[in-house]
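Asks: Full structure from sequences and hints, please.
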Amino acid sequence: MTKLLLSIHVIAAIVAVGSITVAASMFPRYALQALDGTEGQGRSAGVAALLHRVCYGYSLAGVFVPVFGIATGAALGVLTDAWLIASLVLTLIAAAILGLAILPGQRRLLTEGEGEGGDPPTLEAARPMAARLTMLTGIFNLVWAVVVVLMIVRPGSTTGA
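Add 4 to a position in the sequence shown, counting from 1, and you land on the number used in my numbering.
Keep in mind the hints are simulated off the structure, nothing from the lab.
Heads up, some of the hints might be wrong.
[Claimed, not checked] Restraint-style ranges between C-beta atoms, simulated for each label pair:
#1 A86 with K7: 21 to 31 angstroms
#2 E128 with E43: 13 to 23 angstroms
#3 P108 with V157: 30 to 40 angstroms
#4 I74 with G46: 36 to 46 angstroms
C-beta atoms are modelled at their ideal positions from N, C-alpha and C, and glycine is treated no differently.
Replies: See below:
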């Protein structure tokens, strides 16, 4: 049963978190291209909207990652190990960054295209928002990289590496 739980946990992490990291990393570029007034503006707006939907949809599916991680930890008897607790805390931090900053920031940047009174914002007004999203996405990705290292190395674990 432990192998099944671990397999589901790893597959969910690869599919859900991997998709979010790629889509969120690409989003600012296409959101800005949608506002730059060039020929491919409509395509870029569609790509940005799709990337936001990917981030949102996979964030909902990403709930399964810690659920199956906790179930696996319980089956292995390591729920009180420091490496697992640290991983769970970092997972909560990553979820907060995604849910409280990245997704709302993407939504704001997408709706900025509608503007006030139907006027789209200038590219210069959208640049700081996109830069902030890029930074937050980088932090999100870095937190997940640390979680992956903790899952592999398991410092202090007595179950072997």
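Asks: Each hint should be assessed against the structure and marked as holding or not.
Replies: Status of the hints after comparison with the structure:
{"no.": "1", "hint": "A86 with K7: 21 to 31 angstroms", "in the structure": "holds, 24 angstroms"}
{"no.": "2", "hint": "E128 with E43: 13 to 23 angstroms", "in the structure": "holds, 20 angstroms"}
{"no.": "3", "hint": "P108 with V157: 30 to 40 angstroms", "in the structure": "holds, 33 angstroms"}
{"no.": "4", "hint": "I74 with G46: 36 to 46 angstroms", "in the structure": "holds, 44 angstroms"}
In terms of the numbered hints stated before, the structure departs from none.
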